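*Asks:* All chains, please: the whole structure from these sequences, using the hints.
Chains as they are written, first to last, in the working numbering: chain A, 1 to 182; chain B, 1 to 182.
No wet-lab data here; the hints were simulated from the structure.
All figures in this text were calculated on a predicted structure; none of them were measured in a lab.
A portion of the hints provided could be inaccurate.
One copy or two, either will do: identical chains are not told apart, so a pair holds if it fits within one copy or between any two.
As the list claims (entries may be wrong) - Cross-link-like lysine to any residue pairs, in silico, SDA-like; alpha carbons within 25 Å at most:
{"#": "1", "residue 1": "K161", "residue 2": "D25"}
{"#": "2", "residue 1": "K166", "residue 2": "D39"}
{"#": "3", "residue 1": "K48", "residue 2": "V62"}
{"#": "4", "residue 1": "K92", "residue 2": "I32"}
{"#": "5", "residue 1": "K97", "residue 2": "G37"}
{"#": "6", "residue 1": "K92", "residue 2": "W159"}
{"#": "7", "residue 1": "K97", "residue 2": "R124"}
{"#": "8", "residue 1": "K161", "residue 2": "S31"}
{"#": "9", "residue 1": "K161", "residue 2": "M40"}
{"#": "10", "residue 1": "K179", "residue 2": "E153"}
{"#": "11", "residue 1": "K97", "residue 2": "R167"}
{"#": "12", "residue 1": "K84", "residue 2": "S47"}
{"#": "13", "residue 1": "K179", "residue 2": "I32"}
{"#": "14", "residue 1": "K48", "residue 2": "Q125"}
{"#": "15", "residue 1": "K179", "residue 2": "T138"}
{"#": "16", "residue 1": "K161", "residue 2": "G37"}
{"#": "17", "residue 1": "K179", "residue 2": "D25"}
{"#": "18", "residue 1": "K166", "residue 2": "D91"}
{"#": "19", "residue 1": "K166", "residue 2": "G41"}
{"#": "20", "residue 1": "K161", "residue 2": "G145"}
{"#": "21", "residue 1": "K48", "residue 2": "S31"}
Number of protein chains: 2
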Amino acid sequence: MTNPSRNSVFIACSIDGYIADSNGDLQWLNSIPNPDGIDMGYAEFISKQDAIVMGRNTFETVIGFEVEWPYPLTVFVLSNSLQKIPMEYADKAELLKGEPAQIQAQLNQRGYHRLYIDGGSTIRQFLNAGGIDELIITTIPVLLGGGIRLFDELNQRQWFKCIETKRFLGSIVQNRFVKESE
Amino acid sequence: MTNPSRNSVFIACSIDGYIADSNGDLQWLNSIPNPDGIDMGYAEFISKQDAIVMGRNTFETVIGFEVEWPYPLTVFVLSNSLQKIPMEYADKAELLKGEPAQIQAQLNQRGYHRLYIDGGSTIRQFLNAGGIDELIITTIPVLLGGGIRLFDELNQRQWFKCIETKRFLGSIVQNRFVKESE
Chain A
1 MTNPSRNSVF IACSIDGYIA DSNGDLQWLN SIPNPDGIDM GYAEFISKQD
51 AIVMGRNTFE TVIGFEVEWP YPLTVFVLSN SLQKIPMEYA DKAELLKGEP
101 AQIQAQLNQR GYHRLYIDGG STIRQFLNAG GIDELIITTI PVLLGGGIRL
151 FDELNQRQWF KCIETKRFLG SIVQNRFVKE SE
Chain B
1 MTNPSRNSVF IACSIDGYIA DSNGDLQWLN SIPNPDGIDM GYAEFISKQD
51 AIVMGRNTFE TVIGFEVEWP YPLTVFVLSN SLQKIPMEYA DKAELLKGEP
101 AQIQAQLNQR GYHRLYIDGG STIRQFLNAG GIDELIITTI PVLLGGGIRL
151 FDELNQRQWF KCIETKRFLG SIVQNRFVKE SE
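*Replies:* In structure tokens form, the structure reads like this:
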């Protein structure tokens, strides 16, 4: 296969596994001083992806930030409730419905082979379907003590291996796990 | 202070934060081939500790293994229900009752300054009391999908920093977090 497909997660979480605190707040993600604004590999990661797949919540959070649209790739928004993408984002995002396997098959067929899967519930759906090949987890070194967890229950074990680990800002650690081939 | 006290955790968990699977099984901890039997820093860690503090569950699990007593240090067993330590372990383990802060004060006064805090519920009690200074977490690269979690809810945030990260066997990652001084 010249274009092997790969679904990747690139996300930050706390030591105790939360991606947002119990108020949905994300300030803690940026509370470690980063004077040079290093991106911890994000731009390089994004440059290797073909498209982003996210849920409605993440999409609505992003468009609520009132900053410029941050993605250099087409975004596919998974939602059963959203009727259409707001007009001003019509050239940036596309609405999709379906299960992870269908979504992946459809996007692969359209030439999108490297998918960046983002947003807690979308990640959990893909994980539960066994559809995540790579997890790049940036651990912000805090115990939040509560909030929204990255990982939920799964119906089967999945083995990965950690192929890379890096520290940033003398404080943060980023571990890269890839799925063990069967 | 010539003998600063430090309470440390040295534990393995899955990518999704479990220390035992939903049957309490621990086989997955050793399923990555380790032909040379590397200890991933355990002996060095233990050599720097003065005593081990664990709960009754962990103690009873260890004495149930039917192998030689594995600890080169005095073990303090926290339990409100256990009446006494079984006779054959009387020179190896001592029973203690009390809250984490009392336990620590008592052991520090007796000259035990570096405490290895072990076992899920004992770790969670000490964390909840803000009594853990160092977390050495060895991540076995599996999503278990369910089981006993290392971290529970906490009543306050606690900041650490990751001061070291190491990979073992091309697959496992060990991150060392130390508490941020206030």
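*Asks:* Please go over all the hints and tell whether each is borne out by the structure.
*Replies:* Verification of the supplied hints:
no.	hint	result
1	K161 to D25	between (31 Å within a copy, 21 Å between copies)
2	K166 to D39	both (13 Å within a copy, 22 Å between copies)
3	K48 to V62	within (21 Å within a copy, 48 Å between copies)
4	K92 to I32	neither (32 Å within a copy, 44 Å between copies)
5	K97 to G37	neither (36 Å within a copy, 49 Å between copies)
6	K92 to W159	neither (35 Å within a copy, 38 Å between copies)
7	K97 to R124	within (16 Å within a copy, 41 Å between copies)
8	K161 to S31	between (29 Å within a copy, 12 Å between copies)
9	K161 to M40	both (20 Å within a copy, 16 Å between copies)
10	K179 to E153	within (18 Å within a copy, 29 Å between copies)
11	K97 to R167	neither (38 Å within a copy, 39 Å between copies)
12	K84 to S47	neither (27 Å within a copy, 62 Å between copies)
13	K179 to I32	between (30 Å within a copy, 14 Å between copies)
14	K48 to Q125	within (23 Å within a copy, 44 Å between copies)
15	K179 to T138	both (17 Å within a copy, 18 Å between copies)
16	K161 to G37	between (29 Å within a copy, 18 Å between copies)
17	K179 to D25	between (30 Å within a copy, 22 Å between copies)
18	K166 to D91	neither (36 Å within a copy, 44 Å between copies)
19	K166 to G41	both (10 Å within a copy, 19 Å between copies)
20	K161 to G145	between (27 Å within a copy, 16 Å between copies)
21	K48 to S31	neither (28 Å within a copy, 32 Å between copies)
Checked against the numbered hints listed earlier, the structure breaks hints 4, 5, 6, 11, 12, 18 and 21; every other hint is satisfied.
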